[in-house]
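Please model the complete structure; the sequences and the hints are all you need to start from.
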Amino acid sequence: MAFVKDMLRMWAHSWKRFISIAMITLLGVAVLTGIYAGCRDAFRSTDRFFDAQGLHDVQVLSTAGLSNGDIAALRKVNGVAKVQAERSQEVTFDLDGRKSATMQEIGTNGIDQPYLQEGRMPKKAGEIAVTRKFIRDSGKRIGSRLTVTPESASSDTSDTNDTNGADGTNETNGTDEAPSFPTKLTIVGVVLDPQNLSNPDGYSAMTSFRSTATTDYTFFAPSDGVTGTLYTSATLLVKGTAAESTFDESYENTVKQVTDRIDGTVKTDRQKARRQELLGAGNKKIVDARAEADKKFADAQSQIDANRQQFNQQVDQIVDMQASAAAAGAATNGANAGAAAAAGATTPQLDETTRETMRETIIAASPELTQAKQQLDQAQSQLNEQKASTEQTLKTKENELKTSIPQVRWYVQDRQSLGGFSALKSDLDSIQSLGNAFPIVFLLVAVMMSLTAMARMVEEDRSLIGTYVGLGYGRLAVASRYLLFALLACLIGGGLGLIAGFLGIPAFLLVVLQGMYVMPGLRLEYDWLYGSLGIALFVVGVLAATIYACVQEMRQTPAALMRPKAPRAGSRILLERIRPVWNRIGFLGKVTARNIFRFKSRLIMTVGGVAGCTALIVCGLAINDTVADLGIKQYRDIYQYDLMVVSDDSDASAMRTKVASDGRVTSSLDVRIESGDLTVAGSGDGDSGKAGSSGSESIQLVAVPEKHLSDLGEMVTLQPVSSGILGTSGVGKTGSLKLDDDGVIVAQSAASALGVKAGSKVRLTNGDGVQATAKVGAVNRNLIGSDVYVSETYYAKLFDSKDAKNTKNSKSSEDSEALTWNAMLAKLSGSDASQTDYAESLEEDSSVMKAVSCAHMADSFKFDLMGAVVALIVALAGGLALVVLFTLANTNVSERVREMATLKVLGFFDREVHHYVNREMMILTVMGVILGLPLGRLVGGMLTMALNMPSLYFEVEVKPLSYVIAAVATMAFALLVQLFVNPVLDRIDPISSLKSVE
134 MAFVKDMLRM WAHSWKRFIS IAMITLLGVA VLTGIYAGCR DAFRSTDRFF DAQGLHDVQV
194 LSTAGLSNGD IAALRKVNGV AKVQAERSQE VTFDLDGRKS ATMQEIGTNG IDQPYLQEGR
254 MPKKAGEIAV TRKFIRDSGK RIGSRLTVTP ESASSDTSDT NDTNGADGTN ETNGTDEAPS
314 FPTKLTIVGV VLDPQNLSNP DGYSAMTSFR STATTDYTFF APSDGVTGTL YTSATLLVKG
374 TAAESTFDES YENTVKQVTD RIDGTVKTDR QKARRQELLG AGNKKIVDAR AEADKKFADA
434 QSQIDANRQQ FNQQVDQIVD MQASAAAAGA ATNGANAGAA AAAGATTPQL DETTRETMRE
494 TIIAASPELT QAKQQLDQAQ SQLNEQKAST EQTLKTKENE LKTSIPQVRW YVQDRQSLGG
554 FSALKSDLDS IQSLGNAFPI VFLLVAVMMS LTAMARMVEE DRSLIGTYVG LGYGRLAVAS
614 RYLLFALLAC LIGGGLGLIA GFLGIPAFLL VVLQGMYVMP GLRLEYDWLY GSLGIALFVV
674 GVLAATIYAC VQEMRQTPAA LMRPKAPRAG SRILLERIRP VWNRIGFLGK VTARNIFRFK
734 SRLIMTVGGV AGCTALIVCG LAINDTVADL GIKQYRDIYQ YDLMVVSDDS DASAMRTKVA
794 SDGRVTSSLD VRIESGDLTV AGSGDGDSGK AGSSGSESIQ LVAVPEKHLS DLGEMVTLQP
854 VSSGILGTSG VGKTGSLKLD DDGVIVAQSA ASALGVKAGS KVRLTNGDGV QATAKVGAVN
914 RNLIGSDVYV SETYYAKLFD SKDAKNTKNS KSSEDSEALT WNAMLAKLSG SDASQTDYAE
974 SLEEDSSVMK AVSCAHMADS FKFDLMGAVV ALIVALAGGL ALVVLFTLAN TNVSERVREM
1034 ATLKVLGFFD REVHHYVNRE MMILTVMGVI LGLPLGRLVG GMLTMALNMP SLYFEVEVKP
1094 LSYVIAAVAT MAFALLVQLF VNPVLDRIDP ISSLKSVE
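Counting the sequence shown from 1 gives a position; the numbering used here is that position plus 133.
Incorrect hints may appear among the rest.
To be verified - List of simulated lysine-lysine pairs, DSBU-like, C-alpha gap at most 30 Å:
no., residue 1, residue 2
1, K418, K429
2, K389, K894
3, K840, K766
4, K890, K766
5, K372, K558
The set of hints was computed from the structure by calculation and includes no laboratory data.
Laid out in structure tokens, this is it:
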């Protein structure tokens, strides 16, 4: 019992060490569990929401729309649980200028159901539900009315409608019609689109580089009132995905199996079938047009023949009258009147030659008959010309039909193609990567500080330990006094750390997240396993340090332990051997130097602890600086062009004409841009980058005309990069990289994520879904986006060759076509604001699919969540620095109580004693800061390497101000600690402190 009471008194006397260990454990456990818990809560709530609203796993789009046959083919794919055919239509309306919206039919098969936030769901024709963003921008409310105007048919389908009849319908074949929605609308509800969780009322909208929306708003309408049998897309749910988390790799693998099946068979067959449908529809229209024309021509010919017959009959009557009159005149010279009368009653018979001559004479003599004959002849001539012209037109249409209808393209996309989903996932993944790395540093510092504190605690009790051992207490029983002390401190600190980790930090992160995204049903959850392991990790580390300190002392005999520890033997330090310097240092300076360098363990612990904390602060600021400069580096340094304009293939010429006619372009480069994939298969032969590397990355495939390969360097800064030590990269000289016909140039952001390097073999998929194995000629410096540059010749070699992989998806030789340059990279005149306005105006042109201003992208690039987490990490690192400095300062004072008492006896005033002790701590702190600044830069580089996010590469950047902030913050903490240490120095009693132990 006395042993226990003495142990409790010892614990109470060492309350400062107890608080230090508990605080370090608290911070470490909070960092270890907090970021993880916040991301996990966001992942789980979002996954539940997606499952509840039936967010599609796969979406299929087609440039020619989808027919019932396409939907039926998708339903037969193995692994597909549900298929929902969807109809939509782009409309415009006036809202402080022209605005666009997508009228989206609410599916009836439970897929992509909007989440009702206010009002009710639309049920009748003309009723719609809108997003909160529209309510905020328009000022409208539930019950407001709106009139919209359907946009003209897209260029993708306009080519298939060239043979439409005079009625102007948007039919793409004999039976399918494009969707059409009511135009007079009433708002009945406010909903959240599950495909886009961005918060319009938050402090941060979706960053531009990740936005994929082609219209300003989305309106949801019921099936009632929607017409048209042609579908704009098909959404699919995959079997087994509801039981998996949408953010796990297992989910991605399950979905990929289905998308591979669609790409492998259904896609190719239905693309061909759909094009044949369009060709058949076009041929049918031509046949119908020929039949209709023949009927019209036959009717016209019949009318002309009837008129000519009537005309001939009229002329023949005149001929008969003249012939009868001539016969009657000849008969007047006959024998008697009866004979004359008989002759007059009989029409003379004329031969055909005589009759024809008389006809011509009569017609020539009569202006009216002459004009009538000319009209008949002219009508016949015009009819014959129309026949010939129509036949020629129809034959031309027949010849042009195959080329006028482009190849049908299917786009099979998963949830990664949704801008809102991929943005949320990349944000959380990046933060989770930081949460996995930073606790390691906290753990190392905790072990170091625990070792320092417990070693001093054990050393102070040397004589007591010797007494207990001499009295027969076992060494384990004696050591348990310190082990239980450390364990209790860890458990209390860890428990508080769990509260902060599963409640405080997640609450902070989720507040930031909810400023960016809307996540219904979000709640905080506790993970017993992870939380217990988090505490156990720090308990093991601290207890290991405590055991080491106990073993170091208890290996001696009880007699040796009961005697005071012999002071260290005097020795010279290196500075003493440098006489010119040493002789010029004052007495107190020499004492300070000896105290610093003679006690190496204290030097290492102090400098190491301060350096670790400083490095954490620098690391956090480095990540913040790196993210802040991403947009500027990419869009003002790497991209030299000011504008990128993309159009559909059929509108490429019109787009270039439009841009050229505006007179804003100073120089330009025509290219072809396609969305594709870059895949690296796991291998160990080195041909695929790193041994065993694997993965896939969405890319932007940029084909450059053969005659303008050298011009690419004027639009994009080409700098080769190579791998360095610890995953760092070296950047080559600007302009030293050239695009040629021997390989592709891969962006650094994609190469880093997949482990690709110059000389690697990769699998490229172009916009048509054709796959081919390509050689990586070089890796180009690139931070945002995953561009892959390829020459026109190498593109044709890859995707038109008979040796290209996946030949069943490849184009046949007769279908092979020259590349259409559907995009333009251009340099503009004018200010950044005018360039941004010009890009926005281009997007309103019907020939432009997308126009991107680099000036706007550079200014609008934001990563708010990363900034919030960095602020959290810097704050925790600052707290750790404060605890470390407090622990080290108190340990330093406790070790030197007799020394401080001696100074007081010698006449030192309290202020002089403060200066004597604090000067050593400040020097050690400065040394730790000097070591911690470059260490933080190195750790920051290693941590950013772990942030392998889609289409992003973090090029470490630390601004001088960040170094200054880290150094000043650490020194400020050291000064703050002095305020706590000075009263301790003042309370040292010289008499009691200098008493002999014997």
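Against the structure, the hints:
Straight-line distance between C-alpha atoms of K418 and K429 comes to about 16 Å, which keeps the hinted pair within the 30 Å bound. Only pairs whose Cα atoms come within 30 Å are accepted, and K389 paired with K894 is accepted, the gap being roughly 22 Å. Between K840 and K766 the alpha-carbon distance is near 29 Å, which keeps this suggested pair within the 30 Å criterion. At roughly 22 Å between alpha-carbon atoms, K890 and K766 fall within 30 Å of each other, so this suggested pair holds.
Between the alpha carbons of K372 and K558 the distance comes to roughly 22 Å, so the proposed pair stays at or under 30 Å and holds.
Hint compliance for this structure: no hint is broken.
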